[in-house]
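**Student:** Listed below are the residues making up each chain.
Protein chains: 2
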Amino acid sequence: MSELRKDPIIGRWVVIATERKFRPSDFSNPQEIQQEAFCPFCPGNEDKTPPEIFAKRTGNSVPNGPGWEIRVVPNKFPALRIEGNLNRKGVGMYDMMNGIGAHEVIIETPSHIKDNKEKVDIKDYSLATMLNIIETYQIRSVDLKKDPRFRYILVFKNYGKEAGASLSHPHSQIIATPVVPKRVKEELMGAKWYYEYKERCVWCDIMNQELDSGKRIVEQNESFLVIAPFASYVPFELAILPFRHSPDFDNITQQEKERLASLIITIFKKLSKGLNNPSYNLMLHTAPCRYPHPGYWQTIEKDYHWHIEIIPRLVKQGGFEWGTGFYINPTPPEEVTDFLKSLVV
Amino acid sequence: MSELRKDPIIGRWVVIATERKFRPSDFSNPQEIQQEAFCPFCPGNEDKTPPEIFAKRTGNSVPNGPGWEIRVVPNKFPALRIEGNLNRKGVGMYDMMNGIGAHEVIIETPSHIKDNKEKVDIKDYSLATMLNIIETYQIRSVDLKKDPRFRYILVFKNYGKEAGASLSHPHSQIIATPVVPKRVKEELMGAKWYYEYKERCVWCDIMNQELDSGKRIVEQNESFLVIAPFASYVPFELAILPFRHSPDFDNITQQEKERLASLIITIFKKLSKGLNNPSYNLMLHTAPCRYPHPGYWQTIEKDYHWHIEIIPRLVKQGGFEWGTGFYINPTPPEEVTDFLKSLVV
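Protein chains in written order, with the numbering used here: chain A, 1 to 345; chain B, 1 to 345.
Bear in mind the hints are in silico, worked out from the structure with no lab data behind them.
Here the structure is a predicted model, which means the values were calculated and not measured.
Any given hint could turn out to be false.
Copies of one chain are not kept apart here, so a pair can be met inside one copy or by any two copies together.
[Said to hold, decoys possible] Taking lysine-lysine and the BS3-like style, the derived pairs with C-alpha atoms no more than 27 Å apart in a straight line are:
no.	residue 1	residue 2
1	LYS192	LYS117
2	LYS316	LYS257
3	LYS273	LYS302
4	LYS316	LYS273
5	LYS76	LYS273
6	LYS89	LYS198
7	LYS302	LYS257
Bound conformation, chain A alone (with noise of 0.2 Å):
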C-alpha cells in the first residue's frame, strides 16, 4: 500500500506511491511515453480497465461494453487507494498514514483520433461533450465528498507529455485526498486573512479590478471571467473565475455548466492554435469536503470563491523557481490577453 508521509519542516505530505513503483534502476534508461499501439481508454476495450464507475450511456447499452459517451473508472495504478483505515502514526519524529484516497479516470469522449490523425482534446468537442464532462465532474464529486475519510476532491486534466500525460486517450482524473493539500491550504488561508482584513472575497475584489482595468481579461458572458492573473508566474497562465462568489464548483447551476462548457471550447481553441496545441494542465480550484470544520475555515462560505486554473506548459522551471518557489515569467500577462484577444476561433 502507498504511503502518504509529511515533510517535517514545511508540513508539506507527499505520496510514497508502492502501485505505481519505479525501481531506482528503472531511471537510467528512462522510458519515453509509449506511442500506444493499444489504447485501453477506447470504445471495444472497456475490459481492459477496471469495472467503471459512472458511465453516460446511449440506447440499451450495457455497463463495462461500448456505447458509452463518457466513462469513469479506477485508475488501474492508483497513487491512493480507496480500500482500508487512515492509520495516522508517528515513526520517530516522523508523521505518517496509509495512502487511502481515490484516483478516478474521466474518459471524455469515445472519439481518439481524427481522420487526419492529430489527437481529439477539448478544442473539437461539442457542446455536448464538454458539457458532459463539466456534469461528470459534478456527479463524481458529490459523490466522492459523501466518504467521511476524504478531506479534499481533486479535478484536473493533464495533456501532452510535457504536462505529464502517459496516454493520449482524452482523459481528466480526480483524486480524493485524506488531507487537505498545501497549495489549497495557502489559497485558504490567503483567502481568510484578505476576508479579516477587507470583508470582502479576494476574487469577487480581483474580478473588479479586472474589469475596471480591462488589461487582462481575454474572455467573458454573462457568468464567468477567464483573466491571464497579473503576477501570472508561467506564460499564458489563465483563470477561469465564476461571476456569482461560491465557494463550492458542486453548487454550480444548470446554466453556469452549459456558460462554462462554450467558454472552455473557446479557450482551447486559442491556446490550440495560438501556441500550436500546447501541453497543459487544467485544475479545478474548490472548497474542501465538509465545511465549516468546527473551528476551522469558518468564513469560508464567503471567503472562498471556486474557480479553474490553466497552465500551459511552455516554459522549463529550474532551480531558482524549485529553491525558492519565486517564479521568473518572461511574458507579460497583459501580451498574452491581447494576443489571445487578437485570436479569431
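Take the given structure of chain A and dock chain B to it, following the hints.
**Tutor:** This is chain B only, laid out in the frame that chain A set:
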C-alpha cells in the same frame, strides 16, 4: 525594467522578466536549446560576456582574458537588475516593485567538452576545482549581502535541458532578491514553529533520527550527512546537511569546504553512474540577509540550519502536483539509499 508582482491570494512574488522576454507568438514554434556552435563561457571568448565581477586566475593573466580557473560575470539576460531603487507601489489592489536584484553566472571551470565528446560536469571535477566553486559561492554571497536592498541570496545550479539549463558549459548562478522568497519563508516559519515547540533545531533532530535508523543515509563524512529525505517529493531527492549547527552557509570553515567538495564529487559520480547522467537542480538554502530582523526571525540563530538540496529531474509533474502541491513520488527514499550505497565510484 523587470517587475516584481505579488499574488494577492497566496502572497507569492513573481518576476515578470521583460529583458528575457518571450513574445506571446514565440511559443507556437518553441525553440529547443540550440546545439551551441559557439560557447560564450569558453576561454578566449571572455569579451562575449559582461565584464567579470570575480575570477581566480593563474600566472599573470589579466581580467576578461584567458588564464582563469573560475570566473563570475553578470547574467547577460538578467531576471533582476542591480541598478535602481526598489520603488514599492500598489496598482489598484495589487502590489509590485521594480525588478531590482542581482543575477550572476559562475563559470565553474574553463573545461567544457572531454576528449570523448561528453560534456564536463561535477562528476569530472578535481577536488581543487570543486573547492574553488564552493569558495566562490561563499565570496559572492558575502559580497552581495552588503547591499541593503537585498533580502535573500540564492545559489543554484541547473544541469541539463530538463532542469532548465540553456547553456551546457558548466556553470552555477546566484540571484539576490529584494524579498524573501515564498519557499524559503515556509522553511523559516516551519523551523521557527518546531523550535518554539521543541527548543531544538529541526535539521539537527532529523540528523539524529537518520543516524539512529540508518535507512536513508546515502553518504557521510566528519562534517556532512547526505540523506534521501523521509518525505522525498521526487525520486532521488537528496539533502546535504552539515553536522555543525549554523544558520548561515557564509560561515563555513576551510575544513568544511574541503569535506563538502569531496562529498559533492562522490554524490554526483554516483548519480551520474546510477541514473545515466541525469538533469538536475542543486540549491543552497541559507538564512536570509541581516537576521535577526527586529521582531522577525528572532530565534533564527538557533532554529535554522543551512543545507543543500539536489533534485534530479527524472519524472514530470502533472496537474495534481501543480494544482495541490501534493507530490506523488513513485520511488521510496529507502530504496534510493540502498541503490546509491551499492554503487562503486
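**Student:** Give a verdict on every hint.
**Tutor:** So, going through the hints one by one against the coordinates:
| no. | hint | verdict |
| --- | --- | --- |
| 1 | LYS192 / LYS117 | neither (48 Å within a copy, 56 Å between copies) |
| 2 | LYS316 / LYS257 | neither (33 Å within a copy, 31 Å between copies) |
| 3 | LYS273 / LYS302 | neither (38 Å within a copy, 55 Å between copies) |
| 4 | LYS316 / LYS273 | both (21 Å within a copy, 25 Å between copies) |
| 5 | LYS76 / LYS273 | neither (33 Å within a copy, 32 Å between copies) |
| 6 | LYS89 / LYS198 | between (40 Å within a copy, 19 Å between copies) |
| 7 | LYS302 / LYS257 | within (22 Å within a copy, 54 Å between copies) |
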